[in-house]
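Dock chain W against the given chain B, drawing on the hints supplied.
From first to last, the protein sequence lines are chains B and W. For the record, in the first sequence the residue sitting at position 40 is 40 according to this note's numbering, with numbers rising by one throughout. For the record, in the second sequence the residue sitting at position 34 is 147 according to this note's numbering, with numbers rising by one throughout.
I should point out that these hints are in silico values taken from the structure, not numbers from a laboratory. Be a bit skeptical, because a hint or two may be false.
[As the list claims (entries may be wrong)] On the chain W side, residues computed to face chain B include the following (Cβ under 8 Å):
1) Ala130
2) His153
3) Gly156
4) Pro157
5) Tyr159
6) Gly163
7) Phe212
[Claimed, not checked] Taking lysine to any residue pairs in the SDA-like style, the calculated list, with each CA pair at most 20 Å apart, reads:
8) B:Lys7 / W:Lys116
9) B:Lys65 / B:Val3
10) W:Lys116 / B:Thr44
Every residue, glycine too, gets a C-beta built ideally from N, C-alpha and C.
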Amino acid sequence: SAVISQKPSRDICQRGTSLTIQCQVDSQVTMMFWYRQQPGQSLTLIATANQGSEATYESGFVIDKFPISRPNLTFSTLTVSNMSPEDSSIYLCSARGSGNTIYFGEGSWLTVV
Amino acid sequence: DAKTTQPPSMDCAEGRAANLPCNHSTISGNEYVYWYRQIHSQGPQYIIHGLKNNETNEMASLIITEDRKSSTLILPHATLRDTAVYYCIVRGDNYGQNFVFGPGTRLSVLP
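Looking at chain B on its own, in the form it has when it is part of the complex (with noise of 0.2 Å):
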């Protein structure tokens, strides 16, 4: 199994502001994805982080909104911008390695005032 570590792990954002998160995975993985899980929700994938390109957005998210870095095949990075409050939730990064299984970080408490 892939260690994925996500920082921040918690933070309080102002309204308008914009705060990106970075993951971190312990060994080279094939893909990499964004959810996003909303105050007693499930979890929603935002996108898939794809290595040397643009990330591919699920139906609902744009890359105005949630800008996707993927340098290289251990680190990402997702760009919440111009937060509102409908934004707090926790964003979670997981990794597939050459399995079909996949693997998440503890998460990233967003929290907009």
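Only chain W this time, still in chain B's reference frame:
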């Protein structure tokens, strides 16, 4: 949309087996059944997965019915630390296919 149906909540006495059901009546031949759990304030944790045979690891057992339309995750001796939301996910073996999480079952292990 999630392809699985789970009860929203269950209770289990500490030390007893916890049996968590999952219905996946539309599962297709190449789709696996995965189980994850999410303990409060943590990221989801992989538990086990299977295709059609029963599976067991150090955490749990997975029993899949012969028609594959349902399965049961068994925690043989539940502890208070097993209190979590348990997610049953059906996913094909296509490498590009995503994991779709439903609402899961909130298991409460009671002392």
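Hint-by-hint comparison with the structure:
{"no.": "1", "hint": "Ala130", "in the structure": "violated, 24 Å"}
{"no.": "2", "hint": "His153", "in the structure": "violated, 11 Å"}
{"no.": "3", "hint": "Gly156", "in the structure": "holds, 4 Å"}
{"no.": "4", "hint": "Pro157", "in the structure": "holds, 5 Å"}
{"no.": "5", "hint": "Tyr159", "in the structure": "holds, 6 Å"}
{"no.": "6", "hint": "Gly163", "in the structure": "violated, 12 Å"}
{"no.": "7", "hint": "Phe212", "in the structure": "holds, 6 Å"}
{"no.": "8", "hint": "B:Lys7 / W:Lys116", "in the structure": "violated, 32 Å"}
{"no.": "9", "hint": "B:Lys65 / B:Val3", "in the structure": "violated, 27 Å"}
{"no.": "10", "hint": "W:Lys116 / B:Thr44", "in the structure": "holds, 14 Å"}
In this structure, the hints that do not hold are numbers 1, 2, 6, 8 and 9, in rising order.
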